[in-house]
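Residue numbers (UniProt numbering), protein chains in the order written: chain A, 1 to 670; chain B, 1 to 670.
These are calculated hints, taken from the structure and not from any lab test. Each hint should be verified, as a subset may be incorrect.
Copies of one chain are not kept apart here, so a pair can be met inside one copy or by any two copies together.
The list that follows gives simulated cross-link-like pairs (lysine to aspartate or glutamate, EDC-like), each with its CA atoms no further than 16 Å apart [as the list claims (entries may be wrong)]:
#: 1; residue 1: K34; residue 2: E655
#: 2; residue 1: K128; residue 2: E90
#: 3; residue 1: K508; residue 2: D319
#: 4; residue 1: K648; residue 2: D219
#: 5; residue 1: K498; residue 2: E366
Model, not experiment: these values are computed from the prediction.
Number of protein chains: 2
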Amino acid sequence: MASSAVNPDIARERQKATFDVDQLTYILYDGPAKTRRKRYLQNLVLQDFAKLKFKPVATLPHEEQYEQALDRCGRAAALEDNLALKDLRELYYFREAVAPQVAVPYGVHYSMFMDTLERQASEEQKAKWLPLAKSYRMVGTYAQTEMGHGTFLRGLETTATYDGKTKEFIIDSPTITSTKYWPGGLGKTANCCVVMAHLITKGVNHGMHPFLVQIRDFDTHQPLQGITVGDIGAKIGFNSNDNGFLRLDHVHIPRENMLMRYSQVLEDGTYVKPKNSRLTYGTMTLIRSGIVGQAARALSMAVTIAVRYSTVRRQSKIDPGAGEVQVLDFQTQQMKLLPLVATAYALTVASRNMTAFYMSATKKIEKGALEELPQLHALSAGLKALSGWEGTEGVEQCRLACGGHGYSHASGIPKIYGNVTPSITYEGENTVMMLQTARYLVKCCTMLKQGEKLPTLMRYLQQPLGGSSKLNARLDLDQLVEAYEHRAARLVHEVSEKLETAAKQGQKPYNAWNANSVQLVDAATAHSKAYVVKSFVATVSTMTGKLRQVMENVCRLYAVTGIIKCLGEFMEDGYISGLQSATLRKGLTDLLADLRPNAVTLVDAFDFPDGILDSALGRWDGQVYQALWDFSLNSSMNEKQVLDAYHKYQRPFMEYQWKKHPSVTVVARL
Amino acid sequence: MASSAVNPDIARERQKATFDVDQLTYILYDGPAKTRRKRYLQNLVLQDFAKLKFKPVATLPHEEQYEQALDRCGRAAALEDNLALKDLRELYYFREAVAPQVAVPYGVHYSMFMDTLERQASEEQKAKWLPLAKSYRMVGTYAQTEMGHGTFLRGLETTATYDGKTKEFIIDSPTITSTKYWPGGLGKTANCCVVMAHLITKGVNHGMHPFLVQIRDFDTHQPLQGITVGDIGAKIGFNSNDNGFLRLDHVHIPRENMLMRYSQVLEDGTYVKPKNSRLTYGTMTLIRSGIVGQAARALSMAVTIAVRYSTVRRQSKIDPGAGEVQVLDFQTQQMKLLPLVATAYALTVASRNMTAFYMSATKKIEKGALEELPQLHALSAGLKALSGWEGTEGVEQCRLACGGHGYSHASGIPKIYGNVTPSITYEGENTVMMLQTARYLVKCCTMLKQGEKLPTLMRYLQQPLGGSSKLNARLDLDQLVEAYEHRAARLVHEVSEKLETAAKQGQKPYNAWNANSVQLVDAATAHSKAYVVKSFVATVSTMTGKLRQVMENVCRLYAVTGIIKCLGEFMEDGYISGLQSATLRKGLTDLLADLRPNAVTLVDAFDFPDGILDSALGRWDGQVYQALWDFSLNSSMNEKQVLDAYHKYQRPFMEYQWKKHPSVTVVARL
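Work the whole structure out from these sequences, hints included.
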């Protein structure tokens, strides 16, 4: 870097802020002490790694991305041990700095693989396996999805057939479609694997169960007999990871390798059923609230990059007599980015509140109050989907708002996109998730008709419909919440009616369900969105002073943008009038102008170090052009001035063309 | 491939079609003879290249993608010569097969570079330069965009200062932001370059002019003195291309290297102005109609892949007592894909009709009827933007509709996306384009008030507003067109009023413009969309028989989906009622069910050979799983069973962990 000064345009932005950036950051990271700790942990890694000058990961081929990720993990191991991190948030921030927005090959080992052993292995099995897993004798992954089967678990084809004579299971993937496909770390890294397979004993299929299968030799790392394993090939992102395939050809494992905390198979092949099958619900909910948080964090990064760049970039004029302006001064650019800043905050808040709600519900559930489970489950499915959609789409909009430079890996946004977009299809495809939520919403309508009381999150369905919004130019937050709840309730009741009518007319329920599923998804989306808005309003109301003024408008912007985007759904039943829609549109552009001066400070508050943003455009100091220049000089294409490809391909091509035009007068210089 | 049979699910789809696929294909490719010719040309290349077993381009690092593209171009050269292709469409199809959905390094040479010489060089210059360019002695590119400056041409910093003593121009890029950045082929391939620079002579700046600059030695290919040139680094796509940077440090070029067809600088430094500056308008329009066509073609490919895969993929059940269903039988999946099939057709038709409109307008313009120019220019800007947005977003939706496998490069859709998404920001950033269109629309309102007659495409603005739609369950196409024109007219008039009111209140026009620019973009989008719908309806009405029935519903689906997506804009002024919106929603799901049986045939009609789709999921024969398997086996990560990375990084990491847990009982096998 030739210049260490801060770009004056971005420096001026920070002076314009009407609130204290730290006040907001401390809310996001739970107070000054934890914020400092986060900064300490991340800087420790970033400073250590800065010396190593890793190449920008997104520019490397698959195998080099994989190598770099292994290298980063290896170098971080001793650091992590010195810190003796126990707190999960601290570990999260530490690892975020180790490989920013990258899925490392050991990721599934220390999350899903270890979790599954902890949760689903018997005490005896845990005593045997956990030390092997913690000491990385076993490096594991979790293999469920097959090439031909994802969301629909019962459709999986892999079988584990018990042989009473040898007291072994024989695991088999009989077809190409039964190939385990996609698990992280499976291709090259893992030597063990939890395999989900149909348990068959005494000729009876007892459905999906987990089995621990060793797939590679613990010493030579070569695949064991009957195992065909490898990497599935390059993807949009996640190329630091060896997402893998696995075929099992009659692989024998001891009976004891079935994870037996819940179900068991006795020596004689007798199957023993689990006592309670609902207990795994909770973990799924926690995983999903994690996905919501990741979507929020990805969008926060992208919007930090795009907002900062939009204050440094000057392009075109507003006043033809004056100079070129910062692009964030254009209303159209504000419209692209400020609602996304609001979305990043809304999703962050939703993820935190959902986790808190989960924690309090878990306590009740542990006391036997299982009635909290279904609404929690429905909420988690809907939020997982909504946040995946809003986060992913938002990241891409940030990239496009950076103009042409967004398309370069120098912007850092393509890497973020590649890392966040799979959340739309993994851990339950989003549309399927919304339909799960819808299933519960429709059930609530039936409960209502039967006079039952609805659980907390569903109570708004009890309000009478009809009537119209009282929204006016003040754009009162409570009125906005009411609008969202009204829309959701209207859509839920309407589609429930349709299903009921269809049933009365003799239509099969499953056909009626499918024939109304577009609207069911709309209803579930509306329900989830209402939760996010309400949750955001509630959190903002706990803030104080100037920060509260700003954050109320951020919250308002999120709510108003969301209404205008789906305006028809608010107008169809006359709830919002044409006059009110004009008020909303006017309110929207006023909010953009109001929040414009705080834009940079709002994204600064996310507190991402440059090393994590990994972006030439998003630098804190705004020195974007020098950073673009440095990025370009480091392109692998610039290692030689004249590439071998010139001699091998271009020159012969040119000479072929020259021969076709022998009469052309050749010049040495133009 | 183990199996050469056609997957029975997809075979059944083709039997269900209610129209003849060839009839539609012939419309798309201008008759049976031209269709056969297209097939012949593409198969010739594809068969020739199939033997070479090129690696899937999107999985390769930047430099190998570049090499492969050069290799492909080199191998195609002799084939192309044998065919002696003159027709531009034929050349397009041929090249599409040479490097499907890839920007080759010579692309800018044979398009913009050659075009610029043809259009802007004097006769004398053409005689000298065109033979050099055609024979590839000169390999050129076109350098306009700078690192700090894109859309706003006057903001470019590079200067060409005439020195009367030496009779040379001195070309200089004085700052880092003035670095020419992004031109295709600039980094490594080109030895010449048309440089756009501020012409300064006798101390006066005459604005941007084109200069031919040699940047590399014609023999050694080394950069010349004063030239710093290289590749800008990896991007989301276009990595087959060496998009480059160029700094010019007081580079001297002869006076004769300024392109002098229009402006001239005489020996003594006198500047001679061009006679007519509007003549370049037309070419820009043609380039933009090309971009519309590319967006249509990209979406057509993506939707072919996603629809075919959705009939082969079976997942979950509708009837719990029956088997898993083809995912396209889910209404939600139909909702994701069938409107995109319709969009692909709508954009294809719009591109064709726009080109035809351009051709007929050009004839009038040549006769001096310059009044056609502004509406043509406004239309081209709006359609460029609309098609870029709809095409790009549509391609990504297709990918997501393929579930997890869409994320793998095996799906082929990420490559298509990487190739189409830059169209949103290049050749005029989309929002800026829409604002250009809006500028003209507002001008039309002023003309109307002054009693002037509007040109053809703008006449709908003359209709009185107010009133309400007559749309009913028939969803009459003319009523749909009327709805779109009504919305556009309403938005245009409304925002024009606002600008006028602001002016009356003493607001500066440029501030009022910016303060209303969100709505101006909405108005211009509505105008462009109305054109696409109207143009689609007109084209469909020329079709006959069963095909017409189907295509009317495809057209209807496009129009209805577009209304529901922006329903608020149709309802705010009471034009569409709540009852009508329910009718539209019901109509939408009916249309999905109606078109479902023809889905595969509608995409088959696009007539893409497998070699061009380059997708495991989109194969004509539906053998997707075998193709996924083959793709995975070819991953560079599978070249060795145990990678060097294991020994270099993973094993030391594991051993480090082992040492921390000395008490763990090590096992050889689980």
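Quick rundown of the hints versus the structure:
no.: 1; hint: K34 with E655; verdict: neither (66 Å within a copy, 33 Å between copies)
no.: 2; hint: K128 with E90; verdict: neither (28 Å within a copy, 68 Å between copies)
no.: 3; hint: K508 with D319; verdict: between (64 Å within a copy, 9 Å between copies)
no.: 4; hint: K648 with D219; verdict: between (43 Å within a copy, 15 Å between copies)
no.: 5; hint: K498 with E366; verdict: neither (37 Å within a copy, 60 Å between copies)
Taken one by one, the earlier hints fail for this structure at numbers 1, 2, 5, listed in ascending order.
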